[in-house]
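**Student:** I would like the entire structure built from these sequences, with the hints used as guidance.
If you count the sequence shown from 1, position 98 lands on 98 in full-length UniProt numbering, and the numbers rise without skipping.
The hints are simulated quantities; they were obtained by calculation from the structure and are not laboratory data. Quantities reported herein were computed from a predicted structural model and do not represent experimental measurements. Treat the hints with care, as some may be off.
Claimed, not checked - Subject to a maximum C-alpha distance of 20 Å in a straight line, what follows is the list of computed EDC-like cross-link-like pairs (lysine to aspartate or glutamate): (1) K41 - D259; (2) K41 - D141; (3) K162 - D149; (4) K162 - D184; (5) K41 - D68; (6) K162 - D68; (7) K104 - D149; (8) K162 - D141; (9) K104 - D245; (10) K162 - E102; (11) K104 - D184.
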Amino acid sequence: MVCNGTGHDGAFPDTPSARSFTGPTQHSQYLTDYTSLDNVKGLTWKSCAEGQSGPTCAIGAGAATNTDWNTATLGGPGTCSGLNAQNGGNGYAGRTDWRIPEVKELLSLFHSSNVPHLENVQFPNTDPANAYLTSTPPPFDGTSVWVVDFLSTGLPISSRPKAGGGGFLRCVSGNPPPAFSFQDNGNGTVTDRNTNLLWSKCALGKSNVNCTAGVLSFGNQQSAFNGCNGLNSAVPPFPFAGRNDWRLPNVNELLSIVDHSGAGNPAVPAVFSNFASGTFWTSTTDETNLNQGLVINFNGGSISSIAKTVGANGICVTNR
1 MVCNGTGHDG
11 AFPDTPSARS
21 FTGPTQHSQY
31 LTDYTSLDNV
41 KGLTWKSCAE
51 GQSGPTCAIG
61 AGAATNTDWN
71 TATLGGPGTC
81 SGLNAQNGGN
91 GYAGRTDWRI
101 PEVKELLSLF
111 HSSNVPHLEN
121 VQFPNTDPAN
131 AYLTSTPPPF
141 DGTSVWVVDF
151 LSTGLPISSR
161 PKAGGGGFLR
171 CVSGNPPPAF
181 SFQDNGNGTV
191 TDRNTNLLWS
201 KCALGKSNVN
211 CTAGVLSFGN
221 QQSAFNGCNG
231 LNSAVPPFPF
241 AGRNDWRLPN
251 VNELLSIVDH
261 SGAGNPAVPA
271 VFSNFASGTF
281 WTSTTDETNL
291 NQGLVINFNG
301 GSISSIAKTV
311 GANGICVTNR
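**Tutor:** What follows is the structure in C-alpha cells.
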C-alpha cells in the first residue's frame, strides 16, 4: 500500500527502529535450552513459554502452563526466577538473571501482522489460549498486573488479579528498560533521550509553555493526521519548532511515553505539562479491522481499537 505523504505509519517503515530477532538458538553446552535474541533491545528471551520446550516448543503437551502472578513470583519449577537455578545453578542457557518481563518489554514482541501477534519463527508454537503475565501493575491498583494477549490486536493489554488471574509466562533476561529521560527544549518540544524522538510538548489544540492555552483538538483519526501534518506548513507561525517532518506517532512510539508505573494520572511523565488523561490516536490501523485504529488511553495506559471516525486526542512526534 502506498502511504507516502499521508502521515500513516506505512509511510514511515522501521520507525522508531527496525525489528530484528534471531533464534531459537541452541545453547552450546546446555543442549535442551533455546533462546531468542532481540538484536535491537539486547534482551534475551526464552524461546518457549513455561511448560513448552524443544527447538519448536512442541515437546511434551505443547501447551504453555497456566499460572497466576502470585504463584509465578514464588520461584521454583515453572517460574522465571526458577530458571536461574537450573543446570546446577548456572541457569537456563547459562544465564541467572531470568525474570518476568515488564509490560513494555512484552509489548515490544507484539507484531500485529502475524498470528499469533509476534515473531512466529523466533517464538515458535506460541500458545494463544491465554494472555501472558508481566511484572507491571496498573496505576493505583496493587492487586493486579498487566497482561499481554498475542491473539488480540484490538485490546492487546489488560489487567488481571495477581491472585487467581491466570496467565502464561514468557521469561526474559537482560537489563530492564531504562528510566525515562526527557528534556524540555523550551520551544514547545520535548526530547526523549532514550528513543531519540522529538515530541510536541502539548497535545493538538493546546499551546504556550505549560500547555494551558487553547482547546484540545478532539476528533477522528484523519483530523489527528491533519493536525500533525499542519505543523509542517510553510505559512508562519509554522513550521513548528523549525521542523517540517511532524507526524502522528505509531502505537510503538506513543507507547514509549506511557508511564505504566502507576506514579500518576495521566500516565505520562510530568514534562508533558497539563496532559489530558483521555484517549490519544496513533497512526496504526487495526489489521483485523481496517476501519479501526489503535489508541492509547492515558488514564492508565491501555491500548484499544476504535472506529477511525470517532473522537480522540492527538500529539505529534518526529525524529530528533
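**Student:** Now, for every hint given, state plainly whether the structure supports it.
**Tutor:** Results of checking the hints against the structure:
Straight-line distance between C-alpha atoms of K41 and D259 comes to about 19 Å, which keeps the hinted pair within the 20 Å bound. For the suggested pair K41 and D141, the alpha carbons sit about 29 Å apart, so the restraint of at most 20 Å is broken. Of the pairs offered as hints, the one joining K162 and D149 holds, with about 16 Å between alpha carbons and a cut-off of 20 Å not exceeded. The straight-line distance between the Cα atoms of K162 and D184 is roughly 37 Å, outside the 20 Å bound, and the hint therefore fails.
Among the hinted pairs, K41 with D68 is inconsistent with the structure: their alpha-carbon atoms are about 27 Å apart, more than 20 Å. About 6 Å separates the Cα atoms of K162 and D68, which keeps this hinted pair within 20 Å; it holds. As the CA atoms of K104 and D149 are separated by approximately 13 Å, the hinted pair is consistent with the 20 Å bound. Between K162 and D141 the alpha-carbon distance is near 10 Å, which keeps this suggested pair within the 20 Å criterion.
Of the pairs offered as hints, the one joining K104 and D245 is violated, with about 26 Å between alpha carbons and a cut-off of 20 Å exceeded. At most 20 Å may separate the alpha-carbon atoms for a hinted pair to count; K162 and E102 meet this at roughly 15 Å. The suggested pairing of K104 with D184 is violated, with an alpha-carbon distance near 23 Å, which exceeds 20 Å.
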